[in-house]
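The hints should help you fit chain B onto chain A, whose structure is shown.
The listed protein sequences correspond, in order, to chains A and B.
First residue of the first sequence? That's 31 in this note's numbering, and the numbers climb one at a time after it.
First residue of the second sequence? That's 8 in this note's numbering, and the numbers climb one at a time after it.
Derived by calculation from the structure, the hints in this document are not laboratory data.
Being a predicted model, the structure only gives us computed values, none of them experimental.
Backbone N, C-alpha and C fix where the C-beta goes; we use that ideal spot for every residue, glycine too.
Do not take every clue at face value.
[Stated by the list, open to error] Listed below are several chain A residues computed to face chain B (Cβ distance under 8 angstroms; list not exhaustive): (1) T42; (2) L45; (3) G314; (4) T345; (5) T781.
[Stated by the list, open to error] Quick list of the computed label-pair ranges, beta carbon to beta carbon: (6) B:A133 x A:E844: 51 to 61 angstroms; (7) A:E113 x B:N173: 25 to 35 angstroms; (8) A:A109 x B:A133: 55 to 65 angstroms; (9) B:E205 x A:M90: 47 to 57 angstroms.
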Amino acid sequence: MATKLVGRNYTTPDLKAKVTGRAKYAEDFRVDGMLFAKLLLSQRPHARVTRIDMDDALAMPGVKAILTEQDLPAVVEGANLGEGIIASTLSERGLTNEPMYVGEPILAVAAVDELTATEAIEKIHIEYEALPFVTDPLESLRPGSPNARTQGNVWVRPAATPPQPGQPPAPPPQPKVQEWKWTDADFAAAGPDKLPLGKTPDEWTYGDVDAAMANADLVLDETFVGANTSHQPLETRSAMAYWLNGKLYMHCSTQSTMRTIGAVARWVGVEPKDVVIISEYTGGGFGSKGSGAVFYVIPALLSKKANAPVMMRVTRDDEQFIGRARPAFHSRIKAGFRKDGKLLALDGLVIVDNGPYDPVSDSRSGGDHISLANQPEAMRWRMLTVLTNTPPRGAQRAPGGMQGNGLMSPLLAKAARTLGIDEVQIHRINAPEGRASFGPPNAQGRRPFATSAFVKQAIDKGAELFKWEERKARSGRREGTTVRGVGMALSTYSAGSLGFDGLVIIKPDGRLQIQSGIGNLGTESVFDCHRVAAEILDIPWEKVDIVFGNTSKHVPNTCGQGGSQTTHAMTRAAHAAGMAAKQNLQKLAAHVLGGKPESYDVANERVFQKGGGRGMSLADAAKKAIELGGAFDGHELPKTISAFTRTSATNLAGLGLMGVARDEYGREGSSKSYVAGFAEVEVDVETGAYRVLDYLAVADVGTVIHPRNLAAQVNGGVMLGLGHAIGQHWVYDKHYGAPVTRRFYQTKPPTLLDAPRLQAVALDIPDPQTPVGARGVGEAPVGAGFGAVVNAIAAAVGDNVFRRAPVTADVILEALEAGRPMKDALTANI
Amino acid sequence: MTEMVQSGVSRRSFIKGAIGAGVAASAAGYLWRTTLSGQDGAAGVVERLITINVNGKDRRVDVLPQETLAMTLRYKLGLTGTKIGCDRGECGACTVLVDDVPRYSCSVLTHMARKSKVVTIEGLEAADGTLHPMQQGVVEEQGFQCAFCMPGFVMAAVGYVKTNPNPTREQLAHGCSGNLCRCQDYDKILTALQRGAELMRRA
Numbered sequence: 031m032a033t034k035l036v037g038r039n040y041t042t043p044d045l046k047a048k049v050t051g052r053a054k055y056a057e058d059f060r061v062d063g064m065l066f067a068k069l070l071l072s073q074r075p076h077a078r079v080t081r082i083d084m085d086d087a088l089a090m091p092g093v094k095a096i097l098t099e100q101d102l103p104a105v106v107e108g109a110n111l112g113e114g115i116i117a118s119t120l121s122e123r124g125l126t127n128e129p130m131y132v133g134e135p136i137l138a139v140a141a142v143d144e145l146t147a148t149e150a151i152e153k154i155h156i157e158y159e160a161l162p163f164v165t166d167p168l169e170s171l172r173p174g175s176p177n178a179r180t181q182g183n184v185w186v187r188p189a190a191t192p193p194q195p196g197q198p199p200a201p202p203p204q205p206k207v208q209e210w211k212w213t214d215a216d217f218a219a220a221g222p223d224k225l226p227l228g229k230t231p232d233e234w235t236y237g238d239v240d241a242a243m244a245n246a247d248l249v250l251d252e253t254f255v256g257a258n259t260s261h262q263p264l265e266t267r268s269a270m271a272y273w274l275n276g277k278l279y280m281h282c283s284t285q286s287t288m289r290t291i292g293a294v295a296r297w298v299g300v301e302p303k304d305v306v307i308i309s310e311y312t313g314g315g316f317g318s319k320g321s322g323a324v325f326y327v328i329p330a331l332l333s334k335k336a337n338a339p340v341m342m343r344v345t346r347d348d349e350q351f352i353g354r355a356r357p358a359f360h361s362r363i364k365a366g367f368r369k370d371g372k373l374l375a376l377d378g379l380v381i382v383d384n385g386p387y388d389p390v391s392d393s394r395s396g397g398d399h400i401s402l403a404n405q406p407e408a409m410r411w412r413m414l415t416v417l418t419n420t421p422p423r424g425a426q427r428a429p430g431g432m433q434g435n436g437l438m439s440p441l442l443a444k445a446a447r448t449l450g451i452d453e454v455q456i457h458r459i460n461a462p463e464g465r466a467s468f469g470p471p472n473a474q475g476r477r478p479f480a481t482s483a484f485v486k487q488a489i490d491k492g493a494e495l496f497k498w499e500e501r502k503a504r505s506g507r508r509e510g511t512t513v514r515g516v517g518m519a520l521s522t523y524s525a526g527s528l529g530f531d532g533l534v535i536i537k538p539d540g541r542l543q544i545q546s547g548i549g550n551l552g553t554e555s556v557f558d559c560h561r562v563a564a565e566i567l568d569i570p571w572e573k574v575d576i577v578f579g580n581t582s583k584h585v586p587n588t589c590g591q592g593g594s595q596t597t598h599a600m601t602r603a604a605h606a607a608g609m610a611a612k613q614n615l616q617k618l619a620a621h622v623l624g625g626k627p628e629s630y631d632v633a634n635e636r637v638f639q640k641g642g643g644r645g646m647s648l649a650d651a652a653k654k655a656i657e658l659g660g661a662f663d664g665h666e667l668p669k670t671i672s673a674f675t676r677t678s679a680t681n682l683a684g685l686g687l688m689g690v691a692r693d694e695y696g697r698e699g700s701s702k703s704y705v706a707g708f709a710e711v712e713v714d715v716e717t718g719a720y721r722v723l724d725y726l727a728v729a730d731v732g733t734v735i736h737p738r739n740l741a742a743q744v745n746g747g748v749m750l751g752l753g754h755a756i757g758q759h760w761v762y763d764k765h766y767g768a769p770v771t772r773r774f775y776q777t778k779p780p781t782l783l784d785a786p787r788l789q790a791v792a793l794d795i796p797d798p799q800t801p802v803g804a805r806g807v808g809e810a811p812v813g814a815g816f817g818a819v820v821n822a823i824a825a826a827v828g829d830n831v832f833r834r835a836p837v838t839a840d841v842i843l844e845a846l847e848a849g850r851p852m853k854d855a856l857t858a859n860i
Numbered sequence: 008m009t010e011m012v013q014s015g016v017s018r019r020s021f022i023k024g025a026i027g028a029g030v031a032a033s034a035a036g037y038l039w040r041t042t043l044s045g046q047d048g049a050a051g052v053v054e055r056l057i058t059i060n061v062n063g064k065d066r067r068v069d070v071l072p073q074e075t076l077a078m079t080l081r082y083k084l085g086l087t088g089t090k091i092g093c094d095r096g097e098c099g100a101c102t103v104l105v106d107d108v109p110r111y112s113c114s115v116l117t118h119m120a121r122k123s124k125v126v127t128i129e130g131l132e133a134a135d136g137t138l139h140p141m142q143q144g145v146v147e148e149q150g151f152q153c154a155f156c157m158p159g160f161v162m163a164a165v166g167y168v169k170t171n172p173n174p175t176r177e178q179l180a181h182g183c184s185g186n187l188c189r190c191q192d193y194d195k196i197l198t199a200l201q202r203g204a205e206l207m208r209r210a
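Isolated chain A, as found in the complex:
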């Protein structure tokens, strides 16, 4: 492929709107007669609402409607809701009469202004019946301890029924909540500082772990506890909704545009065809707004009830409760190493702090990405996903992967120091290569594998650029009151799905119109991916118009903007659509000018006979396509595209020469991206304060589409991980089940002053399993951001300082004074 666009920097077409303040985020829209919604949040960690007295509130002038759980669509247990979602009475619904965490919305008031709505909420009288609660997952596993829900405290997935001969395999059974307790003996055996090794409802294994462990020269047994960390996008999940001619118009903050339709339809209880999503700009999501938020049901149904548009402006305080968080891992890892550093066996157990609702998948993902990054010869991975009466967790940038790769970082660094090996070398010897296997065997007994891995090149390049040897020489050496330390880490994450559609039109004015269902959440994939189609058609970027941010504007079937899918999936779809348009041009030229389609080429805004000869401009070709109709202008469509794309393409038929196609390129293996990170810190051993001085990341993420944006994704991911290392965490009052960390300043994201000098480098080696060679990049850097920083701290002050994250100044200072880790080893949310 030529590279006039792919791999080059450019100014994204939304940047001027952003920098002038004209870009409209969800809360920036105004509609005539718009009401405002306010939420009444539970002050109790777990209770049953026994009575709600709304009379005084409803009597207030200006109060238009109150929405409670009774107004939500009924849940039919086991009903298939589409997109792989099965209805469950255990799922979160947006409003509840059995609040399960402090801050859970119970009802919402719509009024003419927020003051009136707020006063109305003050006049609502609620009576509760208190129910047992627990905020610490380990606490909930003790015998006789409370359960977060009346049904139990652990998510358990029943065993799949074996397929009957001649019958299609049954769908996997739905997970259920049940009581799950460890024994006093489990806790006693572990002692105060080690995670107990009780029974788990879920585990996988490959290889002979016990035999491999027995052969190890060094066996480490490490307990490590991470923090719950809120997503804290700068834009809260505000939304405004109204109904027109039976359709719901939802202006909302969501990562995905097209992929939010189905979710909103499910929550509100309407057909997807009756939902229009408008989301031109989203102020960050980081996983918490994958397909919007369940709370969007509130303005939607309030609007219906009040018969007026409703704006739900979610405050920062609300957001901290309802805005999702990454679940903490409580982990215990036993790892056996050969004396050269090779990881022979890994035996891990993790507790995932899930919150009260639908199960997160972080536990499985954690094990998968450890096995991929560190390639143990044999591995067992045991998992519990425990319910607590704390805000619901959700996917956060590298869900599970960040925690898994993160907890392995200090362990590998410690093994390296114990064995007298270089930290870079221990990562290198265990790094994945080529089609590296990961995770447990599937039903056919085969382990999944990655499409490619050039991780050793990434490590080598990083070590060279970072001047690892030079910096290592001064690592751990005290100068005055400060000690420097260097650390490295490796992280990996899923990096792409496939099978979606692209839709482009060459217009009679010669411009290329590209229909995009990709969300504009700051990753710029909404523009970057489509440059592939323009590249194939050799149309200058100035003549490309991208239609985005509104599902009524006829967008194609598009992946969700989560899981680092988009760059991979949608460059493939863009490639397919670009090639379809090119072939359409060739056929049209042959039809009009004679000859065979293959004898025509497309370049310089023309379709022309190869080697010189007759041709026509793309503008003329578009006019001709409209004249000829059929497949040329979208009146006949390929059978392979999805029904959703078919509807959009049909609506756009006749506007020009159409290129519409499904990505059918296929793939062997799972797309995975990798980042090797290197950090240097400077610790003041008299105060415990430290600064991260430098951070270098080398990314193995396939072909680079947009270099400056790729660096931003890598650096941003690194900083998110760095935040987990230096300070972000939740604090809970266990007695009242109430959060202490309620705002930015109590669980503060990194600021400009926390940022080290950041450098991001990409290998730019194409992935062999995708036509453009590009994979996703958003998630892979996060674990390395965390890991390299904590390893650098350990290099400066020793392995015996911390055994949980974040590593704050007081953690360092107290440990240095006492000569051992001082922070409570196992308690959650301290």
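Just chain B now, with coordinates in the frame of chain A:
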């Protein structure tokens, strides 16, 4: 906070307005309504017609005693480029210039700004569409990602560079350290703002 006392707003009414009250209320925030609808607001709420100078123009606007500048700008003057990220002086997304000084508009009462000149992100661009040098710097360096924090950062940087036209990277970082970004490529943000500072010097 002396100005606040002078404005005649009691601490109680300020907190009720700016923080939202009551043990049961989730509400932090807000006292405004859409002026398009002509609906009656809550009983007992008294707005006063005042004039404030925003982006070089005198604007007449009905303002509640406890109304913050951020709310007035966004909901009464339609200047939605000023973002509210936290509504309590933590994130800087609502930063505007008040007499050339970067201020969190969520923490300034509109009544306090009556005699001041307020500049928002919408006021930087010239009438002919020429971008302000700081905006131009951001465009040239493809600064920021989701950009929800961008208006606040740009206003903070413009204000800071007015006091220190030739800042080092470290100085500019300090100058903008009251602003949070969650996409967090702070390196590219600083590069863009430094470019803006350079263009401001040349202008």
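Do the hints match the structure? See the list:
| no. | hint | in the structure |
| --- | --- | --- |
| 1 | T42 | holds (7 angstroms) |
| 2 | L45 | holds (6 angstroms) |
| 3 | G314 | holds (4 angstroms) |
| 4 | T345 | holds (4 angstroms) |
| 5 | T781 | holds (5 angstroms) |
| 6 | B:A133 x A:E844: 51 to 61 angstroms | holds (56 angstroms) |
| 7 | A:E113 x B:N173: 25 to 35 angstroms | violated (55 angstroms) |
| 8 | A:A109 x B:A133: 55 to 65 angstroms | holds (58 angstroms) |
| 9 | B:E205 x A:M90: 47 to 57 angstroms | holds (55 angstroms) |
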